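6 protein chains.
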Amino acid sequence: MTTTNQAAELSHLNQHGEANMVDVTEKAMTSRTATAQGFISMNNETFELITTGKHKKGDVFAVARIAGIQAAKKCSDLIPLCHPLMLSKVQVDFTTDSENKQVKVTSLCRLTGQTGVEMEALTAVSVACLTLFDMCKAADPAMEIHGIKVLTKEGGKSGQWQASS
Amino acid sequence: MTTTNQAAELSHLNQHGEANMVDVTEKAMTSRTATAQGFISMNNETFELITTGKHKKGDVFAVARIAGIQAAKKCSDLIPLCHPLMLSKVQVDFTTDSENKQVKVTSLCRLTGQTGVEMEALTAVSVACLTLFDMCKAADPAMEIHGIKVLTKEGGKSGQWQASS
Amino acid sequence: MTTTNQAAELSHLNQHGEANMVDVTEKAMTSRTATAQGFISMNNETFELITTGKHKKGDVFAVARIAGIQAAKKCSDLIPLCHPLMLSKVQVDFTTDSENKQVKVTSLCRLTGQTGVEMEALTAVSVACLTLFDMCKAADPAMEIHGIKVLTKEGGKSGQWQASS
Amino acid sequence: MTTTNQAAELSHLNQHGEANMVDVTEKAMTSRTATAQGFISMNNETFELITTGKHKKGDVFAVARIAGIQAAKKCSDLIPLCHPLMLSKVQVDFTTDSENKQVKVTSLCRLTGQTGVEMEALTAVSVACLTLFDMCKAADPAMEIHGIKVLTKEGGKSGQWQASS
Amino acid sequence: MTTTNQAAELSHLNQHGEANMVDVTEKAMTSRTATAQGFISMNNETFELITTGKHKKGDVFAVARIAGIQAAKKCSDLIPLCHPLMLSKVQVDFTTDSENKQVKVTSLCRLTGQTGVEMEALTAVSVACLTLFDMCKAADPAMEIHGIKVLTKEGGKSGQWQASS
Amino acid sequence: MTTTNQAAELSHLNQHGEANMVDVTEKAMTSRTATAQGFISMNNETFELITTGKHKKGDVFAVARIAGIQAAKKCSDLIPLCHPLMLSKVQVDFTTDSENKQVKVTSLCRLTGQTGVEMEALTAVSVACLTLFDMCKAADPAMEIHGIKVLTKEGGKSGQWQASS
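Protein sequence lines correspond, in order, to chains E, X, D, R, Y and B. According to our numbering, numbering within the first sequence proceeds without interruption in unit steps and concludes at 152. According to our numbering, numbering within the second sequence proceeds without interruption in unit steps and concludes at 152. According to our numbering, numbering within the third sequence proceeds without interruption in unit steps and concludes at 152. According to our numbering, numbering within the fourth sequence proceeds without interruption in unit steps and concludes at 152. According to our numbering, numbering within the fifth sequence proceeds without interruption in unit steps and concludes at 152. According to our numbering, numbering within the sixth sequence proceeds without interruption in unit steps and concludes at 152.
Worth flagging that the hints you see were computed from the coordinates, not collected in a lab. Check the hints yourself; a few may be wrong.
Cβ-to-Cβ under 7 Å is the rule here; a few derived chain D residues that face chain X [to be verified]:
| hint | residue |
| --- | --- |
| 1 | Ala6 |
| 2 | Met8 |
| 3 | Asp10 |
| 4 | Val11 |
| 5 | Thr12 |
| 6 | Ser63 |
| 7 | Pro67 |
| 8 | Pro71 |
The structure presented is a predicted model; accordingly, all values stated were derived computationally and were not measured. Glycine included, every Cβ here is placed at the ideal spot set by N, Cα and C.
Go ahead and model the full structure; you've got the sequences and the hints to work with.
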């Protein structure tokens, strides 16, 4: 029946619609990499505060980078059906977009393991954006976080995947 | 000097541009509430899987709700300069938008304390969205999380704040 | 209607049957205490190992005590709808019952706050029992943990409560 | 001497009776599975609330399942001498026993690793029972958690183990 | 008897020598502040790497500052008999001492609460030192962390305390 | 250029001076062991309290040992650029030095993995010392923690390393 087939596609539910952690015991250990991105847009004044002048060397991006890296390591504690993983690399980078008054956050996660790391990459991006929000909220409480998505995935049975642009 | 003034607006940096946890020791204990929202959009097939048919009573939203509530409680562990807080209420709700094939996540956080709870509300929304992503990613790896922002804040010295619509 | 009334009794579900963290913002701050107990029973040989001879001064109970105290502090991280609390006292004690070859674990939790602490007391007892299990499992993998319940609650609107014996 | 031999059986104490994390560095990586069970019994009215009527589709079991799965992943943080593990599967299930007014919780944990996963399975069961307690305590504060034990263990040097019934 | 009196001075042991979390339920809520310091000394080459040249504006101190702030918030999770606290201010600062090729780390913790915050201040200093060690260990694995102590305590029944210099 | 070369030696900064988690994906899995030590010195009266008389069998060292073991497992959560690891052995020991009124803490960490475990060993020592401080601070608030350093490292590409004495 159609509905049953569709349900099978939601690997995180069993046939009764109950939460289901996928069993990866038998999956091969392969090198896996995922990249993700997200954006935080703010008003002009706040964007200037963090990108120009005396304080552009300040800790704003350093704090957000550390928060993102730490969050990737906490992913299985935050997202109930994620497996605990031993990330061998987490990277978080920031690009300022002065035209749109936004900061682009990108992340890369990598390991040799049995399951993909896109949730870790998305978590790194999300928490880095939240940290930027926290650091700037006194100047602009109306900021918006958007465009959080996976860019690429490599490794595992499904091989290479790339977001359409 | 202008730059110094601007820096002062970023309460989370000190005058040297270093990370600074705001001292709230002397702030009054008042009842504070914040609400936030976010969205996750997906392809048509995945949207149908979680909103219709036999499994619409499944655990998808229950898991995401719990993840969001738990994440609000972990906010000060995730965001480096946030103060530890004792939330007295966290609520996470979901609305399905069949026209745009997206789920809207809203959160409410409340406490009687010395500092606002908008970061907790934003964290709840973000992690609930990430959990929905995790549960649906086998069906649609190209989902996007967007529109994460504060809706309202109440309490504290700055009083009522509402996002412009 | 009956079903609705019944549902109202489950304070942790809202009217739609969804997980609901009770809002304690308006509840008074009062001194609250809860005590709980649990048991772990084991074979005779294992019971002797931890209660007699050269090693009765060993770290077995010290490790389980610390694990129980630490677990009480983690309660709101373990149990999704529990509020974060600031416990002002946690105590975990052990009594050996040589007749039944079991260890009785009791706990006491206390704070001045807006919500009861029986879940913290039960969590302390449960994790202390699990730790005893872990330390003795090489000698007896068939141990059983049982009799976990609240003994007394004091404070708050509902006042004194005591388990019937 | 007898006492010394006995002490050797408590692998989690060294020869001085001090807490000792077993060194598993040299143990083989094998597939290991453990199952465990536990029960929570309640009064008739509360049992009805969670198993019948309009709310039997409510989030009660979904929340407890997620709490149990998350707790299995936190096992080495809760139980001091447990090794950190990378679980590849955690499953938590519920069976309602209307004759005895109790819920039976079963768990399964699995990984390919150097040490068994029965503590993870027991932790999942314990925290799922505690979460059921939390969600029902307004209706029945006198519930009891009991019968927590390992059902089966597979893998590793000691091979298959099964609780006697 | 003397020994008993002495034991009473170790507030973290009860009369049986067992771990004891001090009951602070009845203690007054007062503003409390503690400051602490610690040092990490390294070889000349490593000291130059982090204090001079192109990279003196690098993230070394920013990462250690964040680690120290976050660790202060985790104090009750790290130190078994510490009470959970709601810090209202944590500050971590670094001074470079080119004569002795060492970095001095100082911390300040503050809250309005029932117990002192010197353990939080010491934890912030310790983890900031460990983070500096981690970031520099490829250049000098023989670094040493030393001189960790409380500088001042204010507030509470015991009033002002200051380390003798 | 010299500065660039020097920066390269700080593996935890990239070429822009930004925090950088080293990519260990391609490193071989080898057995790795590290040992570390630290000291806490106290006044004569406090030293006597924890080492002689009726309470020398008390829980002081048991609590500190457990805290040290647990902290080693939390290392990657405490130190931002540390990789998550699966320690297969953690050991924490105490030696009392009555001449200098100090306690020496030593630790050993081991695993089969892609990166060294000296940070875990140092974290175990540091948190064990902090726990001793906490347990004795009512008797002597002027204690000092010192001499924290790596003693030996084994395994990995760099082979055996030993601190000069």
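Which earlier hints can't be squared with this structure?
-> none
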